[in-house]
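K.L.:
All chains, please: the whole structure from these sequences, using the hints.
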Amino acid sequence: MNKGYLCIILHGHLPYVRHPECEEFLEEDWLYEAITETYVPLILVFEKLLQDKVDFRLTMTLSPTLISMLSDELLQNRYLRHIHRLIELAHKEVERTRWELEFQNLAQMYLSRFYAARETFERYNRNLVNAFKALQDAGNIEIITCAATHGYLPLMESTKPSVKAQVKVAVSHYQKVFGRKPQGIWLPECGYNPGDDEILKEAGLRYFFTDAHGVLHATPRPKYGVFAPVYCKSGIACFARDLESSRQVWSSIEGYPGDYYYREFYRDIGFDLDYDYIRPYIHPDGIRINTGIKYYRITGEDDKKPYLPGLAQEKAAEQAGNFMFNRQRQVEFLSDFMQKKPIIVSPYDAELFGHWWYEGPMWLDFLIRKIYFDQDTLQMIHPSEYLLEHPRNQVVTPSMSSWGWKGYSEMWLQGSNDWIYRHLHQASLRMTELVKKFSPHHPDGLLKRALNQALRELMLAQSSDWGFIMGTGTHYNYAVQRTKDHILRFTNLYEQIKSNSIDENFLADIEYKDNIFAEIDYRVHQ
Amino acid sequence: MAVKSGRKVRAKKVKSVSRSKRSVKPKVSPRPISTPGAFGSQEMAVERTKFAATQEMPRVAARVQRELPAEYGSDRIVLATRDPWWIHAYWEVAEAGIDNLKNKLGQEFVDAKMILRVYDVSYLIFNGSNANSFFDIEIEHRIGNWYIQVSPGRSWCVDIGFRLKNGKFIMLCRSNTVLTPLAGPSWITDEEWMIPDDMFARLYGLGFGFGSSPAKGWQERLKKALFSGALSSPGLASPVKLPKEKKFWLVVNTELIVYGATEPGAKVSVQGKAIKLRPDGTFSLRFALPDGKQVIPIEALPSDKSEKKTITPIVIRETK
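Just so you know, the protein sequences line up as chains A and B, in that order.
For the first sequence, position 403 matches number 403 in our numbering, and the numbering has no gaps at all.
For the second sequence, position 43 matches number 569 in our numbering, and the numbering has no gaps at all.
It should be emphasised that the hints constitute simulated quantities derived from the structure, not laboratory data.
All clues stand as given, with none of them false.
Subject to a maximum C-alpha distance of 25 Å in a straight line, what follows is the list of computed DSS-like cross-link-like pairs (lysine-lysine):
#1 K92(A) to K819(B)
#2 K92(A) to K802(B)
#3 K846(B) to K305(A)
#4 K305(A) to K773(B)
#5 K304(A) to K846(B)
#6 K305(A) to K819(B)
#7 K164(A) to K176(A)
#8 K92(A) to K304(A)
#9 K793(B) to K92(A)
#10 K799(B) to K92(A)
Some chain B residues close to chain A (C-beta under 8 Å, calculated; not the full set):
#11 Y616
#12 P711
#13 I714
#14 P816
These stretches of chain A come out as covered by chain B in the derived footprint (C-beta under 8 Å, 3 or more residues):
#15 93-107
#16 224-230
#17 235-245
#18 404-410
Note that beta-carbon positions come from the ideal geometry of N, C-alpha and C, so glycine has one too.
P.N.:
In structure tokens form, the structure reads like this:
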């Protein structure tokens, strides 16, 4: 008989980056890298677990923007081009490293992984959403949704219709893609603001997550801390992150990914090799970029040593055992005085696994197998299953919180990005104004198209990723440009709609560029 | 913690916009599109992809000359909560409104200060005069933003307006109300249950990953962890996790290019491994060259296998 539960959540999200107007676009690589290094490796791990009849539970967000990109034909074709090139490069590497066996083995490893990525991609008809859907239908993965364009909801406090639109568009998009209603939602950046739960409830969702202090600082005090869900007054359940298990995986210093035997992320042949040789595989403008082929292990401070996959695998197995051991002790301690079984909630960015932490998918594989085969103390669970088993929970009001830098909103509200809210809020107010003015007349044709596109532009501008990137400084210009582009497109539409002078060429052009959420209905923004 | 009325202003100025002289209207400039208007979006999409390869423009050039409006022309002040101790305000007040006020008040307006009046409106329905307390922040520009230091677990509302020399306050615009979160556990416990303080301390510490021993100072440790950024998610999400800056450095590697030509259709092997010739019979290979001696026999057989030719370069690399 188990004493408690482990609930692992992988939050899969990328902002909507799709530039049909450019043949090659640097930022689109975010998606291509994540497909090769994260999504495909995870799918392969899960497929193998099913094949070996290992019954496991994992919760996963696929953000609506990520789903939209994975399902987009242009990006699918571009991914194939990308992986073809990588395969070609890996072939060359196998030849080039003939006199350095330790590198040649690695080149061979990359080559076979790239082939596997392409094969998997083709096997699911170039749409990896099909793979996750099949895993959900098998009962092992519970896919939850996220705000439509990953808007950071606490900073939309003064424009609630936008919060509603973010949630409603996400829920209806999910239903269209998966043929069922989502049970839960991952709030972007884990950003919760009291009152937003009403909107989640109204959209038919049953649970969401906050960071630890969201529940620990709830009013009244949570009886079981973060180890049991609570209900908001609206009746929706809230699960809180356990920080001990989080830190073990997240932290680059005390966490697993920093192990010296693991692959070093920052040494890529895109930067290491001779320019003329690597030129066809980097950005067409000649900017060196990561290719994904990395030959070194973390090693220590200097003098990197070649990566040894066998040793890294042993480490991953050892750390999976360590993680399980710690969770067992945690639930044993907790079950002594809790009147229900404790649940340990461990959410991670999906892209951490494989992309940043190369051995992550392997670690997860070991962990799942160990939990299934080696012990009885701990069991994996989906949040919705836990709620069925333990429907009685304390009612509290969680505290405003996020899992970002410093635990609140500072990451998205600081000197480098605070200027965007003036424009985002104004656009949101204008959107509400348009809905109020035009929806009673049931417009169709051009006007309806313009109203729907206006909402697409507003939502694309609202992605938390832009503010986040401005805050970190990498790709700063791109994030600024995206914010401005969408706000300006919105503003143009707003003025054209109001003056009854919609420019069809302009509208068609931005419909073609910002083609997300084909079935959006502008009326959700109210 | 109660806020004393009229206490000294603690505000951090981060940025303020001073574009008061110009009133910039939002630009309406639909970008010209080469596609004929009669086409629907589908056709245009197809046509655009057809030309995409030749039309590719440098990113920067294609994306200039469009700016967001400096102001939207209506009076507005908006608050957002940053964390338990700070709220953010941005505002915009129309120039005309200020001029009107100036004309109306005449002499009375001399030495008037534009201010933000920050009200603590916790646990009440604010009507403009019943705040628990308030304090003022002088501001310089009619368009700007400010971070305001407040206290946790309270509600806040801000008026923007003028404080006249005689102390009278004239409001131009009122903000939304925001709530700052608690910075620690709630002191309200559910009447349904009792949990001893030390037990809650253990749970609380455990929730934050400090283990289950209620060591002294756990709340301080928590605060340190929470507000230093140590608990934030890394990967993309951490501004702290960037590669370390390198000191002055030098890296040297060597590669060897082996190239040659034979009859098209011949079979060629390098170090015993068959290679593919280009259609014109040439070949070229590139190898990472480590220290030591490389013996590289290259064998060629014509398509009728009538004779065999072998050339064996030997390359030695040494590093001093």
